[in-house]
Amino acid sequence: MLNRKTPPIQAHNGHIEVKEAQEIMLPNGIKLLTINAGTQEVSRTEFIFNAGTRFQKKVLTSRGAITMLTEGTATLSSMQIAEQFDFYGSYVEQTADRDFGGLTLFSLNKFLPQSLELVEKVLKTPTYPEKEIQTYRVKGKQTLQVELGKVSTLVRQKFFDTIFGANHPYGEFAQPEDYDKVEQADLLDFQQKHISSTGCTIFLAGKISDAEVALIEKLFGQETWGKPHQTDFSLPSLPQTFEQKQWVEKADAVQSAIRVGRRMFPRTHPDFPGMAVLNTILGGYFGSRLMKNLREDKGYTYGVSSGLAPLRESGFWVAGAEVGSEFTLPALEQIYLEINRLRTELIPNEELSLVRNYLLGEALRTFDGPFATAETITSLYEYNDLDYSFLHNMLHTIHNITSKELMELANKYLNPNDLIECVAGSVSNI
Amino acid sequence: MIAIEKFTLDNGLRVLVHTDNSTPIVSFNMLYNVGSRDEEPDKTGFAHLFEHLMFGGSINIPSFDEPLERVGAENNAFTSNDITNYYITVPKPNLETAFWMESDRMLSLAFSKKSLDTQKKVVVEEFNQRYLNQPYGDVWLLLRPLAYKHHPYQWPTIGKSVDHIKNATLDYVKEFFFKHYAPNNAILCVAGPVSKEEIYQLSNKWFGPIERRDVIARNLPKEPTQTEPRRLEVVRDVPYDAIYKAFHMCNRNHPDFHTYDLMSDLLSNGRSARLFQRLVKELGLFSDVNAFITGDIDDGLFVITGRLVKGTTFEQGEAAIDEELGLLTSEPISEYELEKVKNKFESNFTFGETSPLDKAMNLCFFELVSQAEDINQEVVKYRSVSAQRVMEVANELFRPENSSTLLIKAKN
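These protein sequence lines are chains X and W, in that order. Residues in the first sequence are numbered from 1 upward in steps of one, following my numbering. Residues in the second sequence are numbered from 1 upward in steps of one, following my numbering.
Treat each hint with caution, since some may be false.
As a list, the in silico DSS-like pairs of lysine-lysine whose alpha-carbon atoms are at most 27 Å apart [said to hold, decoys possible]:
hint: 1; chain 1: X; residue 1: K121; chain 2: X; residue 2: K150
hint: 2; chain 1: X; residue 1: K298; chain 2: W; residue 2: K160
hint: 3; chain 1: W; residue 1: K113; chain 2: X; residue 2: K5
hint: 4; chain 1: X; residue 1: K139; chain 2: W; residue 2: K281
hint: 5; chain 1: X; residue 1: K139; chain 2: W; residue 2: K411
hint: 6; chain 1: X; residue 1: K298; chain 2: W; residue 2: K113
hint: 7; chain 1: W; residue 1: K381; chain 2: X; residue 2: K292
hint: 8; chain 1: W; residue 1: K205; chain 2: X; residue 2: K292
hint: 9; chain 1: W; residue 1: K281; chain 2: X; residue 2: K58
hint: 10; chain 1: X; residue 1: K124; chain 2: X; residue 2: K58
hint: 11; chain 1: W; residue 1: K114; chain 2: X; residue 2: K298
hint: 12; chain 1: X; residue 1: K124; chain 2: X; residue 2: K57
hint: 13; chain 1: W; residue 1: K179; chain 2: W; residue 2: K121
hint: 14; chain 1: X; residue 1: K292; chain 2: W; residue 2: K281
hint: 15; chain 1: X; residue 1: K5; chain 2: W; residue 2: K114
hint: 16; chain 1: W; residue 1: K411; chain 2: X; residue 2: K150
hint: 17; chain 1: W; residue 1: K409; chain 2: X; residue 2: K139
hint: 18; chain 1: X; residue 1: K139; chain 2: X; residue 2: K150
hint: 19; chain 1: X; residue 1: K110; chain 2: W; residue 2: K411
hint: 20; chain 1: X; residue 1: K298; chain 2: W; residue 2: K43
hint: 21; chain 1: W; residue 1: K205; chain 2: X; residue 2: K5
hint: 22; chain 1: X; residue 1: K5; chain 2: W; residue 2: K179
hint: 23; chain 1: X; residue 1: K298; chain 2: W; residue 2: K174
hint: 24; chain 1: X; residue 1: K139; chain 2: W; residue 2: K310
hint: 25; chain 1: W; residue 1: K121; chain 2: X; residue 2: K207
hint: 26; chain 1: X; residue 1: K150; chain 2: W; residue 2: K166
Selected chain W positions facing chain X (Cβ under 10 Å, derived; list incomplete) [to be verified]:
hint: 27; residue: P24
hint: 28; residue: S63
hint: 29; residue: G72
hint: 30; residue: N133
hint: 31; residue: P221
hint: 32; residue: E223
hint: 33; residue: V235
hint: 34; residue: A273
hint: 35; residue: G284
hint: 36; residue: E353
Stretch by stretch, here's where chain W covers chain X in the computed footprint (C-beta under 8 Å, at least three residues) [claimed, not checked]:
hint: 37; region: 34 to 40
hint: 38; region: 241 to 247
hint: 39; region: 282 to 288
Bear in mind the hints are in silico, worked out from the structure with no lab data behind them. C-beta: ideal position from N, C-alpha, C; glycine also.
My request is simple: use the sequences and hints to build the entire structure.
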């Protein structure tokens, strides 16, 4: 008779092999990283630049310059560029975050040469035609208006505005009218200074060979391109005092969006790995304390979670949920209750061992296939200067951190007196 | 080419195995042949509520998530109009834990009152979050009943209203379980560094003892042919006016299915696609426009959606859409353009084959619709679509009497 009450023997999940990318220095100084893995004849080529919003002088310049790279070049119109990428079945993703900006190409290997030649044109000779800028203004403004109808957007803006300050690049958000002020001259200036071979890193992953590497070198690695730019931009100082409770009115909202959190540190900080474990216990996985309490026990919300996120020179920790309006106050109470339990009660061994195993599984998943591996190494490049010891430290901490150390971290970083509370919803009815 | 091995247990459970040794993780996917189309009209949203209850503990195991998290696994599920799909990704050495857990909840649930009461509240919040508390959230609550008058696709997976969810009883939960959850109504796929022999042995050990159940053959009303255009205009608190148009199309097994799908790609897949280039960039009438098929197993919908730029009237917007659709009915598309959307399809499809979990989900779905092996014929089927057939199908599809149009008017 099959015993269904007892779990099958739990095995060790196996050694986690931290895959390292190969590094090649190209003649013009660009660093090329490569990962050769996978079974399908496809590849992912990422171009990373020091071109995040922190380098812009005016809101939307970084995002506009990067998003509109594909809207026209010296020889091709926006339509021709779109047409050619689509014909090869390739797609490009452009991203502009706070610190970095860039472009990622996904392509079948059989069309990689043609696709990369197109990428070369859009990176080196974009023209930002006025007509395309006008479309971008209208479309961008409308999309943002729709987003501003969501409580989750309102609360996110308020949270970052509070912890970093509305005038700091880490706290700044575009408003709809900012789209009207996007100008060609600013975009060109930004592109020339920041989309350049100085400070550019290229990351090629997939089923690749020497031919693909040679192709990258030929198209991007010989002469320098773009203007040399200054990378040691200093950021304005951060606010030292906060209004702790920030409530934003959204009339008739049936749910409130809640965020409780604070400014934290970059990923290079020695407490980062420990805080990552602590965060998982509180709200970092489906079985977390916040999920168990607010969703599985009380049904206040469809989902609640917390996260620890890095920025190049700072970071933040935040817990959040969208809850039925009538549950706003009780949900906040339970969030603080769970935070305070971490500060006053030792985490039981049973729970800690579950989280260790869960996180080791997650660590394995970050190397599940060539593209997952590439994303892991990209973030290591962006936030740890490609220092692989960060990943080893993370694994070491997952294996060894104690309940006592976690309680110390909770007291050091999660004191409610240091936390900011933002709510967007039908505030006047709560 | 995806290598597939398969076998069927004595109790009717179909098992698919795909070996992929390039990953340390095994993807374990269980598809149940039940969706919101199987609900009674006064108990809608139940298949999806039921999916939540599948995580509330089974007959021998009080918690579903915890034992999986303890071995480093991750799991989730989704419900559609046609199916309910549960998936687990687990490090290879602990694969058996997935078999243990998934087989116990097929054997029987715990049927806990507390779990039902809580999940009803959770689903009500999901309804609020996704359908009510954001701009344009209720579109499918309006568009489905406009397009379907008889077939159960007339309600979305979340259900017609929260009242149906609030009224669910434990007795009905039990009835639903034994009616639809059975080895002979499910398909399992295991993909990753595994062999057919080990999956055969584990499947027999854990699922083999579960008895076959009486599953009544599905007998759904066929949606009668629509004979006149349908229109609905509503006012909502949204920033911009929006247009939604739905046309009835064929089912998933129909030979024209791929032609419809490619036609939606012609209109809106990629930045060079017709609707985006013409209506957004050239004419500047819309800020956003889309065309897609619902991809349902029974006769589905071909949908066009667009958000109007301030200053564009509904008449101008609709006329522009109609003109683009008209081009498909009157002029054969060029070989170049056809080649383009076929390349695009092949690329999307190949990228979809890079993730073991996606492969496992797709294999189960193909096995349900026809047979898993057909997944390897998809590219060939799309490649064989002709320009002539696209025009014929467009003429069949884009007739006013086959359309349901929903206009959302911005309050201010």
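Inset, instruction - Could you tell me which of the hints above the structure violates, numbers in ascending order? - result: 1, 7, 8, 14, 19, 25, 31, 32, 33, 38
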